[in-house]
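Visitor: Residue numbers (the working numbering), protein chains in the order written: chain D, 1 to 370; chain B, 1001 to 1370.
Everything labelled a hint here was simulated from the structure, so no lab data went into it. Glycine included, each C-beta is placed from N, C-alpha and C at the ideal position. The reader is advised that the hints may include incorrect statements.
FRET-style restraints, in silico, Cβ to Cβ [unchecked claim]:
| hint | chain 1 | residue 1 | chain 2 | residue 2 | range |
| --- | --- | --- | --- | --- | --- |
| 1 | B | ALA1271 | D | THR25 | 32 to 38 Å |
| 2 | B | PRO1009 | D | THR25 | 38 to 44 Å |
| 3 | D | ALA271 | B | GLN1026 | 34 to 40 Å |
Covered stretches of chain D (in silico footprint by chain B; criterion: 3 or more residues with CB under 8 Å from a CB of chain B, positions within the stretch not fixed) [unchecked claim]:
| hint | segment |
| --- | --- |
| 4 | 19-25 |
| 5 | 43-57 |
| 6 | 224-236 |
2 protein chains.
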Amino acid sequence: MTRRPPLTPLAQSLPSTVPFVGPETQERAAGRPFRARLGANENGFGPSPRVIEAIGSAAHHVWKYGDPESSDLRAALASEHGVKPENIVVGEGIDGLLGLVARLYIEPGTPVVTSLGGYPTFNYHVAGFGGRLVTVPYAGDYENLEGLCEAAIAENAPLVYLSNPDNPMGTWWEAGEVQRFIESLPETSMLILDEAYGETAPASALPHFEPDRPNVLRMRTFSKAYALAGMRCGYVIGEPETIRAFDKIRNHFGMPGVTQAASLAALQDKAYLHKTLERVSACRDRLAAIAAANALTSIPSATNFVAIDCGGRATAEAVMQGLLERDVFVRKPATPGLDRCIRVSVGPDDEIDVFEAAFAEALAAAHNRR
Amino acid sequence: MTRRPPLTPLAQSLPSTVPFVGPETQERAAGRPFRARLGANENGFGPSPRVIEAIGSAAHHVWKYGDPESSDLRAALASEHGVKPENIVVGEGIDGLLGLVARLYIEPGTPVVTSLGGYPTFNYHVAGFGGRLVTVPYAGDYENLEGLCEAAIAENAPLVYLSNPDNPMGTWWEAGEVQRFIESLPETSMLILDEAYGETAPASALPHFEPDRPNVLRMRTFSKAYALAGMRCGYVIGEPETIRAFDKIRNHFGMPGVTQAASLAALQDKAYLHKTLERVSACRDRLAAIAAANALTSIPSATNFVAIDCGGRATAEAVMQGLLERDVFVRKPATPGLDRCIRVSVGPDDEIDVFEAAFAEALAAAHNRR
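Modelling step: build the complete structure from the supplied sequences, incorporating the hints.
Guide: Now the structure itself:
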């Protein structure tokens, strides 16, 4: 047998894996494209026309490395949120930033608290640095704030993850509850508050920023409300000393200039964001109405997706498979209790039309199978 | 004093640093833009017009996450290099890929062999995972293949880094020498062969690919010859089992769709690449002629930059500062022996004109200061 350069024991122990299978992979397997792409909580309404313009202009400068400090974008974000540029680090989407946080705080065996059924990519990064996941079941369809806090204290966990609004259920806690949660955590537990869906949530769900609090990192993204998932731009707001720690390990020249320009243009087009949020809200209502028309309930959502309760795991699984067979891309939670639902992203009317018809068929097929 | 969530001891020990200060940071400090941007080995000739078009088209799809397998791009690269898609992983530039390799192979204390004065960003990633750098001085202006090999054997190092052509000196080894080096390394030493400047080198400097060899990772990029530094797209060619290891830790959705499309378009426009390579070659000759006209020698280069020998460290430092004061962005090596040079990237004629005039002035000022 050939001898090989040795991976670290940790790397050796990890599976070659992917937190999510990409829809392109499924399309290649099926040999045809999806008719509706509603599975990855992308924003099919698309970005502002000003973003498209900004990308076209920035394309002429792609020969330059992007500004490693993302200075213009950070200044605009600081102004937007009433904090300072030193409170902000920009990175390759929340996914990339979660990986950096995991690297800063996790050694093999470090306890990390999250919800059972919470964001798989966070768990992927925790495992990737050898962390020990401590999971707290949802309370109904809500992440369990009290349970997360108790686990953080019991484990003396340096990292605690909460998404608000929640993915995959779409539920949310009001700011007052989140703030009480923050204040109940040990000073030595860093809360990763993943607000990927912050813009689509009611303002009442978002606590005020506390730019000097050393144990909260708020994560935001241009992937959802701003429809820039394919550009990979997220950012963290936190206390300056913690934010500086990212400079110890980040890929300094990792942010493309095109991405910085697109994100800045997106941030500046408030009118378009407002229009998007109206579309998202209207589409959530339509998805709830489609569920109701099929005698099903849906979970009230503050995100750009709706979880539809199919009544049980087996039915939900059959419905999702039926939708995929009908070239409609959706996903579903895998965790007991949550797994009675399928998760459908908002999107343009024509794709929702396709979903509506396919959903009724898939439901009927699922029931006939029983 | 406030208690804080504890960074890992390794993270705590790292400085908040940046391997290179960005030219934008220097421009902000100076309060005015550079007149010539020739310091970061970017490609000021710019990308193919087809790349600009591809970016414009892809902009309409930025709401989608990029294909996490970079399937189309990997297929094209496999065809280009006569290997299989399973031999290739695409990532966020060579910088990002170097970070992943470091993570796969380095634990605190792991010995890693590189040249004294070699690529600082590689050293940054090695330090970031707690590796112990073992450095081998250059032999003249060449990376010392024999010395690197001896160090790898003596240290039983799982990682050895070589750039060919070399950065910062621009020198290169012929393929036969590189192949002998590869074959002399222990089976348990992984060679990172950084070929960022592979396209600008003579074909005779690039060994044949050995897609089943488990201890070589060849790194390429779209940042240099293809002028896409600001898009962050690099790739690694290696044996499939090693390539699969990247799937254990990479940010699977980290490659923007726009970047994948731009890189594919760049790869396909052979005529434009050919034109670029002619421009690079002509500009290297012009930079050498400028050095000669100032009674200085330059180091023969297979890259898109030229190291000009200013005769000594102090003069080179003064010349670089003089150029910066004259709004000409260049950099220089900091390592004794190499530090007698400044490093000037190729670029369009008008920027080289600016350099030429400022260089003569900076040289005269440096000599008057002595």
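Visitor: Are the hints correct? Go through all of them and say.
Guide: Quick rundown of the hints versus the structure:
1. B/ALA1271 x D/THR25: 32 to 38 Å: 33 Å, holds
2. B/PRO1009 x D/THR25: 38 to 44 Å: 39 Å, holds
3. D/ALA271 x B/GLN1026: 34 to 40 Å: 36 Å, holds
4. 19-25: holds (count 5)
5. 43-57: It holds: at least three residues are needed, and the segment 43-57 of chain D offers 9 whose Cβ sits within less than 8 Å of chain B.
6. 224-236: Held - the segment 224-236 of chain D has 6 residues with a Cβ nearer than 8 Å to chain B, which meets the minimum of three.
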